[in-house]
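Participant: Protein chains in written order, with numbering that gives the first Met the number 0: chain A, 0 to 415; chain B, 0 to 275; chain C, 0 to 302.
If you're looking for bench data, these hints aren't it; they were derived computationally from the structure.
The beta-carbon is built from N, C-alpha and C at its ideal position, and this holds for glycine as well.
Wrong hints could be hidden among the right ones.
Claimed, not checked - A few chain B residues that don't get close to chain A, going by computed Cβ distances all over 12 Å:
#1 S159
#2 G176
#3 T215
#4 L233
Said to hold, decoys possible - Derived coverage of chain B by chain C (criterion: at least 3 residues anywhere in the stretch with Cβ under 8 Å from a Cβ of chain C; other residues may be distant):
#5 51-64
#6 117-126
#7 253-260
Claimed, not checked - Chain B side only, calculated, beta carbon under 10 Å to chain C, not exhaustive:
#8 V106
#9 F108
#10 I196
#11 W240
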Amino acid sequence: MNSSARPSARRITTLLGTVALALAATGCGGGTGAASAPDKVTSLTALDYYTDATEHAQWSKRLTDCGRTAGVKVEHTSVPAPSLLPKVLRQASSRTLPDLLMLDNPDLQQIASTGALTPLDRYRIDTTGFAEGILSAGTYRGKVYGLAPTVNTIALFYNKDMLAEAGVAVPRTWGELKSAAARLTRQGRYGIAVSANATPESTWQLLPFLWSNGGDEKHLDTPQAAQALRLWTDLVKSGSMSKSALNWTQADLHDQFAAGKTALMVNGPWRIPALNKDRDLHWGVAPLPVRQKGQRLVTPLGGEVWTVPQNSSPSRQEKAAQVLACLNGPTTMLASAKEHFTVPSRTAVAARYAEQVPSMSGFVTSVERARSRTVELGVKWPGTATAISTAIQSALTGEQTPQEALRRAQRTATGS
Amino acid sequence: MRGGPVRRGRRRGLLATVVGTVLLAVMLFPVYWMVNASLQPTGTTLRAGWFPSHPDFSGYATALRDQGPNLVTSLVVALGSVAFSLGLAAPASYALARFSLRGTSLVLFGVLITQMVPGIVVANALYSAYNDLGLLNSRLGLVLADSTAGVPFAVIILHSFMRGIPREIIEAARMDGAGRLRTFRAVVLPLSRNALITAALFTFLFTWSDFLFGLTLTTTEAVRPLTLGLYEYLGAHTTQWNAVMATAVLAAVPAAVLLVVAQRFLTADATSGALR
Amino acid sequence: MTGPSAAPRTRLRELLAPWLFVVPAAVYLLLFFGYPIVKNLGMSFQQYTTATFYTGAAPFVGLRNYAEILSSGLFSRALLTTVLFTAGSVAGQFVLGLALALFFRRSFPLGGLLRSLLLLPWLLPLVVSATTWKWMLDADDGVVNNALRALHLVPSGIPWLTGTSQALVSVTLVNIWVGIPFNTAILYSGLRNIPAQLYEAAELDGAGPVASFRHITWPLLRPAVSVVLVLGVVYTLKVLDIILVVTGGGPADATQTLATRSYELSFQRFEFGRGAAMGNVLIVLSLVLALVFLRADRRAAHA
């Protein structure tokens, strides 16, 4: 090359060099964690999906209080629920996971299977006395990776005024539910509302019907499972349930219920603080109906587990574990259950709670028998959950009968 | 019939105003519905009638209290992205449009390809890079990331416009002894004002409405655009629709002012263009 | 007055200087798009799972991800939905956008203000406008059905979001609404660049509005039209948030496009390799459509 070309050429080479360098930098994402100072840990980071301002503030306070007992400050961040997992995976690949991570319990095994979490026995955390369902949801390959301070499940919320006006008792069986819903339906109001949308949320709402009737997520093509789905399609066909259920989230159900547009809804106790704010709304809550008297109600277990992700600093992990233990301690657990109307996950604490807050005693009994979604399928659960919600949608739109829809769901769930 | 045509012209103008208003009303009905929802007391969004009969401003109070800093972040990032995008795109577009460089069409097609890449693919890759470069939770980082929409778009718009600038004008400037850079600054840029404003407007809007990069490339609450702040009311368990809607309405106000101002410039340019 | 030795230097500078205008933008685009594209391509040939994110280990599986998604029965349906959604959206946005741009080209009182307000829908976060549409289109008491009932047009209302055939129409309508500001603004700015004298001359020659549209407006607007149509197709193909908020891809997969499918594979089923493959199929589709369009456009321009 001509010597006189050097200046410009060099400039370009430098530029290209920068490109290559930057590309290399992006390519080797991860590998090195933040330089760890083994001595003094003064602050920790925590990530969850409690974005709602009130809820976020309550958790911040709890984390701060528990941090104080461990002698650290806790920086608390919340991201929208649907974006939590994508965020966690990105952080896992660049080794920037927070010190304390909250996960929705059905996702725990998925994340634990990556190796990004640490087993809690390493920190000698006491895992005795927890309800079996939540402990199994927090366990992967025989080791406990996550603990939930409080748990929840879904139940039947009803509008007392509407039931009284229609002269309807709280339904205990599917037959009663169908006739109650029909009698509660009026112009501009439906008898019942469920969430049957195109996300795993609808699966979670169908599970209590499916499980209590003897259905099983491993074998979806059974008559028991089809009966459960048929209950929902019957409710839509008879006009007792809006077809809009196909598009409703559980938050939408709440809005419908609060607006007086449905007399019954399937929802969780985390709604109670908002329901209580509405003075004109007189509501009650009851266990979900079963198909026949004598069947045992089995509901899915809800709740978020806290975990300690891997990082390069054992002392940080130790501190994080102390905060986690504090969050799951009997006192904190009881206080947070009272604040969020959820159920303490230690059986003994739950019993005390049921005495102190009698309105929650129904939930306390349901939660004791609640079943974790991942107990049978483990990391394969997400595929099945999507398949079930597709089946719900196909059946409710009338594209397929409940049997056909579930048969196809079984094929997609096992086929992939 | 003294003054007839003038009066007819004015009447026609008024008719157009009426028709325009009706068209706009139809287009903006969803926006009205949002404002309506923002004025409902908490929890009664679904009972909303056609008009907020008892307007309740608590949604606005909440939004104003919480979202102030986020509004500033959004504005700074959006304006920064406009400056960065035009700064890169304008010279590049000029070169591609007027220098007859070899491989121009290839470069342009490459630019078009960038528009086909889903945002989430870019965001995922940027996260690890940003982490290594220390760009997470920074306004600069967001400006750079948000410009992934602005730069290619501005290149496409400006290139298509600059191809229309008569070669003679540029050659005349070069004859007068102006270098490439000066020709660009003194001749090409002023001529392209219309297109520059359009490109700036859209870059601003792309960034203003971004949610994905804001979400991906921040890990604390220090730097948070408005679109993300909205989620304070869209919780995992509860939803305050009036505050959500109020935030959206408040977010639209500064941006709308900017739009009106920018459009005014466009009009001025169009008149001068007609004289040319 | 250049000396003999300076001549090549000047020539070289002449040769390189133009590139300096392009290099910053090119470098930026290479950095911010090159790496993501390459990474996504690599991912699509691997069995990329959640664990891969942490361990980095992902077995190479060749074309298996592509074979699996392309042979799935869901693929052809999602492809059809994508094509219908894109064609409907782009056509609707373009026709309405052009009509509005033509209307607002005339100057009348408040015209400028009304025109700028037309862009307002774009200023609203998508999650908010999509949610508002979801309420408005509710079958039972959405404002749209209420109005239709009040006008006695459709006594029972239309299942906008819950009918398997109506839902696609609904998300397309919402997407058209979102896209109109973009189309109007670009086409309007294109119209502004057509010299007014041409119209005056045409009027003197006795050409009516239709004739002057056909012979002046349309040919001179071509560059702007190409831009909005190509970008319209490219942007619409990857629309994700609107569909996710309004219908979530339902009911019964009726609004499931390649983009939502890719998202579902990656972030609901955690099959990242397949999700990436689906994303690449989408990019290729986009590429093919753009090439076909650009070719047709060039031919039409030369004709």
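Participant: Can you give the numbers of the hints that this structure goes against, from lowest to highest?
Facilitator: The structure conflicts with hints 3, 4, 5, although it agrees with all the remaining ones.
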